[in-house]
Amino acid sequence: MKADVAIVGGGLMGTSTALHLAMSGQKVIVVEKNSPGRHASGVNAGGLRRLNRDLAEIPLSVVAAQMWQDIYSLVGSDCDVKLSGQVRVAENAADLQKLEERAALVSSLGFDREELIDRDRLYQLVPALAPHCVGGLYTAGDGFARPYHALTAFRLKAESLGVKYRTGCQVTGLERLGNCWRVVTNQAKFDAPILVNCAGAWAGQICAYLDEPVPLKIGAPMMMVTERLPHFLDPVVGAVSRKLSFKQMQNGTVLIGGGYLADHDMEKETTEIDFTKLSESSQTVLALFPRMAEVRIVRTWAGLEAFMPDRIPVIGSSAKHPNVYHAFGFSAHGFQLSPVVGRIMSELILNNKSSLRIEPFSIQRFQS
Amino acid sequence: MFKRTSELNNNTVTVNIEGEDFQVPVGETVAATVLVHNLGYTRTSPISGAPRAPLCMMGVCFECLMEIDGLPNIQACQVQVAEGMKIRRQQGVGGEDG
Amino acid sequence: MGDSYQLVIIGAGPGGLCAATTAANLGLDVTVLDEQPSPGGQIYRGISNTPDDRLALLGADYQHGADLVEAFSASKANYWPQTNVWSLNSRRQIGILRHGQASIIQAERVIVASGAMERPVPFLGWTLPGVMYAGAAQILLKTAGVVPANGTVIAGTGPLPLLVAWQYLRAGVSVKAVLEFSPRSNLWRAAPHLPKALVAGDYISRGLKYTLDLNKGGVPIYYGISGLQAQGHDRIEAVEYGWDTLGSSRRETIVTNSLLVHFGVIPRINLTKSAGCHHIWDRGQQCWRPQVDKWGNTNVPGIAVVGDSAGIGGARSAEHSGRLAALEVARSLHTIDTQQRDLQGQEDLKWIGKDLRVRPFLEALYRLPDSLLVPPDDKTLVCRCEEISAGQIRQAVREGHADPDRVKFYLRCGMGPCQGRQCAPAVAQIVAAENLRPVSDYTTFRVRPPIRPLSIAQLANLGRAEE
Ligand SMILES: Cc1cc2nc3c(=O)[nH]c(=O)nc-3n(C[C@H](O)[C@H](O)[C@H](O)COP(=O)(O)OP(=O)(O)OC[C@H]3O[C@@H](n4cnc5c(N)ncnc54)[C@H](O)[C@@H]3O)c2cc1C
Ligand SMILES: Cc1cc2nc3c(=O)[nH]c(=O)nc-3n(C[C@H](O)[C@H](O)[C@H](O)COP(=O)(O)OP(=O)(O)OC[C@H]3O[C@@H](n4cnc5c(N)ncnc54)[C@H](O)[C@@H]3O)c2cc1C
Ligand code: FES
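So the sequences go chain by chain: A, B and C.
In this text, residue positions in the first sequence follow our numbering: the first is 1, and each later residue adds one.
In this text, residue positions in the second sequence follow our numbering: the first is 1001, and each later residue adds one.
In this text, residue positions in the third sequence follow our numbering: the first is 2001, and each later residue adds one.
No lab work stands behind these hints, which were simulated from the structure alone.
Using N, Cα and C, we set each Cβ at its ideal position, and we do this for glycine too.
Among the hints, erroneous ones may be present.
Claimed, not checked - Label-pair restraints from in silico Cβ distances:
#	chain 1	residue 1	chain 2	residue 2	range
1	C	R2170	A	L156	18 to 28 Å
2	A	A188	C	H2278	26 to 36 Å
3	C	D2370	B	G1084	44 to 54 Å
4	C	N2299	A	N352	46 to 56 Å
5	C	Q2063	B	A1082	25 to 35 Å
6	B	A1082	A	L156	50 to 60 Å
7	B	S1048	C	Q2291	37 to 47 Å
8	B	A1082	C	A2171	25 to 35 Å
9	C	N2049	B	S1048	38 to 48 Å
Input sequences plus hints: build the corresponding full structure.
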């Protein structure tokens, strides 16, 4: 089978890239070893956050935020987006000082989205918070969406524009064939002049096939979700010196994350929850939201994600081969970026340049 | 609607169901108690508000969720009655319109 | 990490009790965990504190449980009642909740004996108050002497509806009708297995006795029933069903405020699934079960499964499989050698072999038609917790969410408090039917621990298990 572009990975990065390419008339095939959204893109926390991004990521996340705000016009679904803000809470003077420094830094770079808020404003925004907090950093217009729904909307739109998915189809090798890349899989072979690596936690393996090694580490962040509660919380809450991401979904359940990692087995592609760490996570919840004590956790899970040593992704063309592009290593915050990453990839592939600055994400940073 | 096959003996405790006190046998589950006292339903669904009642009596269906001593979401079929216990139906909770 | 235990047995039903007694008598250090306040499991619920009059009512089978409990109590096995197991992983770490304290204990060997649950079969109106599982009603009878006040209708398949009707008859409870849903054609399918069945067990003679007694007691039993529906607004007011008699089919209605349903039992697989044990679709039993060898071993080292949680075999079979697994654990820990294991397990293996011969007959006799496994009416609520209908599930599959987990992600069915226990089998069946594939191509939802909800305070205080 022949296509203009072959994409490895049917997560959000692969799907968003496919969608943007198809919008420009390209014939795209997405090769996915499981099913779209089976991994990080389907099971993540859905956080849409510009707040506290790595400086290099800020321009991308600002554009992504605009795209999420108007996601309906891109994919024909609102993806259950709720833009009720995100806030990082300071629990003491030292925390507050860190937030002040951060606010000063980002505004000196021309970004005005991270607003320092005082204690009163904080409790206005988050009345349920434990009383000891002193202030926060707030980004209005941040929020969250439902990841599997978003992924499904992206996929349906891409398919409607002619993108073909091959599911249950694992890439096992890559060969150069004249001007083409031959994608060897457990099902069939696909030839395309252009190859895109959106293989998430497995991207290192694709890089290995290309003889372009990267220091990617795999981690499996854990999530907990509670029973439904009456509405009590609007913004997504994080904390300066604790590992926490805390949000109440539209249906009343509370989704709790914080970057605690599960054990994982890459051979079986399974994760095993570490309740000792989730115990610590629960202590954090109690410290900030004492009213949660008797609320029950009904489910926990973890998803496999690619982490880079500097916690920012690889986005750009291969440094080793022509017509090969990478987008991986999102280090547990790629969901928000996915619309803009797809756009950047299609710009790179079709125009050879990106409208946003992506030099910091070059794969070359690991090759010198 | 349920009833007991035998008369109460004096090995009982007093529980309060939706504001009313009842004598009930020691060792019985809350679900058994509320079935005998014809509560009709024990919770409403947080989605549609439909009434629900115990289904499995062995802890696997979660239809018997009630508010017991002020705590919501307790499985009534897994808890035994105790002196002074306050038992209330659980009205569907949750979400922005719930 | 908490304390370490040599052999932990999850479940104090006949399977767990016999495993524990055997292992403890061989000198192993045994700890039995069960969420119930007293030993006995589902069949012998509350056996140690059932008043004599109720015992008589429940029949001689029930009293056999007392012997099992006595032997167990006489052994050195530790017994932790009212202990909830909320997680089990492949490294044999067991999350427990005991006296309100959550902790994780490490076991060298685990025997899962968590039994069965009644098979959830969604039908129109099954969420109405007044509809209950027949086994659940039996639990009310066994543990509390509580019965339907104004009579009841009992509907379903298998031996339990008859047994419950028979027990009610003896207790003076009015049974308006027993509706038998096994298709008549099952008789023909079962007949070839009958000769083998006759040599083993007294299943059939007992079934006959119940039927005769019910006839004598004036309880009508209707065969060849289909199309069950519970009607009512805030609670059930009537049962409607289809009745095929010699070529003509008609709808009937019985006014009742109680409907008890039972379509057989299926293994409780949440623990074994979350531990990573391999599960297979059992065609005869029409359910998923962990794959085990004759000693109960799973593919996960150190985790064995016995009794109904390994595949439905009934209470006596659970006793034998429990003993066999205990012998195997003793062998693997070098308390006995292979020869001793084989010798001591001889009788149990023989019994199970004999019993297995009656299974094809019973399985064929009580085989559920597809119309019960795959809810035919789009309006039927399949996921009770999140209120997701069969039609919504079919629609999701057509939109490309082609396996149960994707249906779950998309619709939230299976994400409510029961964690999919009540909808998982039907969702897998619908997905398979919609994809025109055999159901054995699918597994039920991935299990996300805790398998029992745990409060944030309990998890925050996760500590060492106290002695
Ligand atoms: C628990 C968790 C919570 C998170 N929370 C947030 C959050 O709140 N906000 C946020 O912005 N981000 C969050 N993230 C991060 C975000 O989910 C990821 O960065 C993003 O989904 C990555 O998308 P992806 O398409 O690169 O990866 P994936 O979704 O993992 O997709 C990669 C796909 O490639 C396929 N694949 C791999 N190798 C092959 C091969 N050889 N052949 C064929 N197919 C292959 C895989 O099967 C997979 O489906 C979270 C992540 C996790 C795990
Ligand atoms: C409701 C019901 C009623 C039944 N009635 C009869 C009957 O009258 N006659 C008959 O022949 N058969 C009956 N059966 C079938 C019965 O399951 C078996 O015959 C027999 O009880 C199987 O024994 P077992 O040891 O495998 O499991 P069980 O007897 O079911 O014992 C399992 C034990 O494990 C415990 N357990 C399970 N999960 C956990 C957990 N996560 N944490 C802690 N403890 C746990 C349970 O509390 C239970 O005590 C019934 C089944 C059900 C579901
Ligand atoms: S009645 Fe099913 S969990 Fe209590």
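Okay, the hints, checked on the actual structure:
For R2170 of chain C paired with L156 of chain A, a C-beta distance near 59 Å fails the hint of 18 to 28 Å. At roughly 29 Å, the beta carbons of A188 of chain A and H2278 of chain C sit within the given window of 26 to 36 Å. Restraint check, D2370 of chain C to G1084 of chain B: a C-beta distance of roughly 51 Å satisfies the suggested window 44 to 54 Å. Between N2299 of chain C and N352 of chain A, the C-beta spacing of about 52 Å keeps the proposed range 46 to 56 Å intact.
One distance hint, 25 to 35 Å for the beta-carbon pair Q2063 of chain C and A1082 of chain B, holds here, with the actual separation near 30 Å. Checked against the hint of 50 to 60 Å, the pair A1082 of chain B and L156 of chain A passes, with Cβ atoms roughly 53 Å apart. Checked against the hint of 37 to 47 Å, the pair S1048 of chain B and Q2291 of chain C passes, with Cβ atoms roughly 39 Å apart. Here the CB-CB span from A1082 of chain B to A2171 of chain C is close to 27 Å, well matched to the stated 25 to 35 Å.
Restraint check, N2049 of chain C to S1048 of chain B: a C-beta distance of roughly 40 Å satisfies the suggested window 38 to 48 Å.
In summary, the one numbered hint that this structure violates is 1.
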